[in-house]
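Read top to bottom, the protein sequences are chains A and B. Residue numbers are given in numbering that gives the first Met the number 0: position 122 of the first sequence equals residue 121, and the series is strictly consecutive. Residue numbers are given in numbering that gives the first Met the number 0: position 266 of the second sequence equals residue 265, and the series is strictly consecutive.
I should point out that these hints are in silico values taken from the structure, not numbers from a laboratory. Any given hint could be a false lead.
Stated by the list, open to error - Dumping the calculated DSSO-like pairs for lysine-lysine here, alpha-carbon to alpha-carbon at most 27 Å: (1) A:Lys114 / B:Lys383; (2) A:Lys38 / A:Lys73; (3) B:Lys284 / B:Lys429; (4) B:Lys383 / B:Lys284; (5) B:Lys429 / B:Lys245; (6) A:Lys73 / B:Lys101; (7) A:Lys68 / B:Lys429; (8) B:Lys383 / B:Lys101; (9) B:Lys251 / B:Lys101.
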Amino acid sequence: MRLAADRVLGIALIGLAAFAAFKATQFQVTFSYEPVGPKAFPILLSVVLTALSLVLIFRPGEDGEWPDKFVALKLAAVLLVLLGYALLFTRLGYLVTTFLAVLSLARLFEASWPKALLAAVLMALGSYYLFTLGLGISLPGGQWLPDFN
Amino acid sequence: MFDFLIHGFDVALTPLNLGLAFLGALLGTLFGALPGIGPINGIAILMPLAYTLGLPAESALILLAGVYTGAEYGGRMSSILLNVPGDAGAVMTTLDGHPLAKKGLAGPALGLSAVSSFVGATIAIIGLTLFAPMLAEVAVMFGPAEFFALMVFAFSSMAVMMGKDPIKTGIGAVLGVMIAMIGVDSGTGVMRYTFGMAELYDGIDFVVMIIGLFAISEILLMLEHANRSDASDEIPPVGRVMVSLKEVLSCKWAMIRSGIIGFIVGVLPGTGASVAGAVTYTTEKRISDKDNTFGTGNMRGLAAPEAGNNASAAGSFVPMLTLGIPGSGTTAVLLGALMLYNITPGPMLFTERPEVAGGLIASLYIGNIVLLALNLPLAGLFAKVLTIPRWVLVPAIAILAFVGVYQLHSDLMAIYLMLVIGIFGYLLRKLGFSLAPVILGYVLGGLMEDNLRRALSISGGDMGILWQSGISIGLWIAAVLLLVLPWLLPKLLPRKSLASA
Chain A
0 MRLAADRVLG IALIGLAAFA AFKATQFQVT FSYEPVGPKA FPILLSVVLT ALSLVLIFRP
60 GEDGEWPDKF VALKLAAVLL VLLGYALLFT RLGYLVTTFL AVLSLARLFE ASWPKALLAA
120 VLMALGSYYL FTLGLGISLP GGQWLPDFN
Chain B
0 MFDFLIHGFD VALTPLNLGL AFLGALLGTL FGALPGIGPI NGIAILMPLA YTLGLPAESA
60 LILLAGVYTG AEYGGRMSSI LLNVPGDAGA VMTTLDGHPL AKKGLAGPAL GLSAVSSFVG
120 ATIAIIGLTL FAPMLAEVAV MFGPAEFFAL MVFAFSSMAV MMGKDPIKTG IGAVLGVMIA
180 MIGVDSGTGV MRYTFGMAEL YDGIDFVVMI IGLFAISEIL LMLEHANRSD ASDEIPPVGR
240 VMVSLKEVLS CKWAMIRSGI IGFIVGVLPG TGASVAGAVT YTTEKRISDK DNTFGTGNMR
300 GLAAPEAGNN ASAAGSFVPM LTLGIPGSGT TAVLLGALML YNITPGPMLF TERPEVAGGL
360 IASLYIGNIV LLALNLPLAG LFAKVLTIPR WVLVPAIAIL AFVGVYQLHS DLMAIYLMLV
420 IGIFGYLLRK LGFSLAPVIL GYVLGGLMED NLRRALSISG GDMGILWQSG ISIGLWIAAV
480 LLLVLPWLLP KLLPRKSLAS A
């Protein structure tokens with residue numbers, strides 16, 4: 000059998016279905032007023048998922064286009080920026096993290112340094128005032144370094 | 000019988016709601032015009048903000064429905080000008096729209112598509128006004144067993160109609176339903192799949208789910224597109240946007256036919272604008288493509304899918320408002336938005352919350368006129384939106400996603416969850432999945448289980464109740480037929496279909 004993306008996916012999904020069904024059998028039901036209970040439906044879903052995944056394994060579709068190394072690295076970089084944005088969001092505050100996030104995202108999407116800097120300043124300040132003054136949303140002010148709790 | 004509509008216009012014509020309908024139409028057109036940001040993304044990004052503003056349910060729904068219908072208008076811009084569909088519903092619009100633009104007729108193409116969008120939407124909104132209350136009266140007779148059968152029908156119609164791969168549509172829907180299982184089981188209080196994390200006790204928040212699934216995965220996809228060489232960002236000159244009356248009249252039957260077909264496709268649960276666009280285009284090609292000019296810039300080939308996809312957008316409100324079953328991925332999101340307000344759409348909506356149902360329908364009439372008025376004179380201006388570079392767009396989506404999710408509970412966990420769901424959504428899309436079934440499964444999953452369990456509680460565990468009434472038997476048969484026919488028909492008449500093809 001050819002190793003196709005759909006086959007790998009199918010096997011992973013069967014694993015997921017087995018895991019979900021196993022977890023479902025472990026639910027501790029102390030009392031129940033109804034005949035079905037919380038286990039049956041998830042188990043039913045696992046069965047359906049397994050059946051569909053089997054079809055996928057035996058009749059996989061096209062592999063599709065996957066990013067090359069360069070693009071994959073950039074994707075990882077974008078994810079890292081987003082993760083960093085999340086990690087520092089409350090710690091460095093909205094303005095600083097948004098500035099950094101916009102700057103790095105704009106650079107990753109091929110803006111020149113001056114353009115990226117301009118976008119970062121304008122978007123951080125603009126969105127801050129739009130959200131706080133315009134929409135009344137409270138944004139994190141920043142616990143500031145080195146308070147990593 | 001039309002009291003709800005009169006009452007609805009009272010609601011929709013208040014200054015606040017009128018302003019929101021206008022704002023929604025404007026934002027929706029912009030969102031639709033931007034490649035990659037379709038109606039779902041637009042609604043996903045705006046929904047938390049609408050909720051924070053403390054808008055009443057009907058006002059929030061009017062705003063979001065405006066975004067939805069506006070995005071269907073806006074989706075045609077990049078289809079025509081760049082040959083890149085602005086959203087899934089506008090795929091067929093590229094076929095004749097872009098060739099017209101290449102011939103230097105970009106302006107008339109934009110004008111004609113705006114008029115056909117208007118005609119299609121008008122037909123469908125009238126249909127919605129006529130049929131929704133009727134369907135609601137039938138739906139009152141639905142019990143849990145009928146609702147369960149209806150959802151099975153919705154999923155099978157989705158599997159058949161949506162996307163190229165019914166298996167993947169099915170898997171996507173099941174995954175969505177499984178995600179909906181996370182959290183406390185309402186019947187027994189049992190924790191399901193929470194892995195001891197307190198943040199998951201209430202399940203995965205709806206806003207986190209759609210922003211992660213759509214907005215975050217879109218950022219990742221945009222990066223890939225940016226690195227592809229075949230992306231052309233050059234916009235042909237728009238020129239005059241007005242179409243001549245003669246051009247419009249030559250397409251009138253195409254518009255009317257497609258409007259009706261689009262409405263019907265929209266009403267079918269689970270099938271949305273992309274199916275409507277495809278069905279109407281192929282139908283119109285069969286009926287009126289006598290000199291084989293479809294695909295080379297035929298005006299009818301542009302009018303048909305545009306009337307169709309806008310009609311289906313309005314049509315998909317029928318099952319959502321009357322049965323609580325969304326007709327498309329976007330109405331699934333709107334349904335989730337209503338649930339945030341503790342309103343469960345269903346047959347009682349027209350009697351219990353007429354201001355929501357009537358206000359929404361009335362605002363669709365108003366929004367449709369606003370959209371035509373905006374889109375004819377301002378098409379050139381909207382076209383400028385297409386030149387917004389990705390390095391501005393992507394950070395803006397990221398900011399809106401982060402703030403939208405953070406302000407729910409001022410909770411970082413929700414943001415991490417959003418990122419994880421975003422990666423999951425990206426992988427699914429790369430593997431050839433459409434995300435609409437996932438979101439439909441997620442929205443319907445809880446209801447489906449509730450109805451199944453309620454039905455079996457009534458019968459004391461006897462499965463027979465699921466196919467006892469005429470309505471449920473009909474729905475089961477329809478569901479089975481939908482699944483079997485596309486596979487069976489070609490086998491029954493292989494010769495005939497070959498000969499006619």
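Here is how each hint holds up against the structure:
In summary, the hint linking Lys114 (chain A) to Lys383 (chain B) is supported, as the alpha carbons are separated by about 19 Å, within the 27 Å threshold. A C-alpha spacing of about 42 Å is found between Lys38 (chain A) and Lys73 (chain A), which places the hinted pair above 27 Å, so the restraint is violated. For the hint linking Lys284 (chain B) to Lys429 (chain B), the alpha-carbon distance of about 31 Å lies beyond 27 Å, and the restraint is violated. Straight-line distance between C-alpha atoms of Lys383 (chain B) and Lys284 (chain B) comes to about 31 Å, which puts the hinted pair past the 27 Å bound.
A hinted pair counts as satisfied when its Cα atoms are at most 27 Å apart, and Lys429 (chain B) with Lys245 (chain B) does not qualify at roughly 44 Å. With a CA separation close to 34 Å, the supplied pair Lys73 (chain A) and Lys101 (chain B) exceeds the 27 Å bound. Proposed proximity of Lys68 (chain A) and Lys429 (chain B) is supported: the alpha carbons are some 16 Å apart, at most 27 Å. Distance check on the hinted pair: Lys383 (chain B) and Lys101 (chain B) sit about 17 Å apart at the alpha-carbon level, within 27 Å; holds.
About 24 Å separates the Cα atoms of Lys251 (chain B) and Lys101 (chain B), which keeps this hinted pair within 27 Å; it holds.
The structure is inconsistent with the numbered hints 2, 3, 4, 5 and 6, although it conforms to all the rest.
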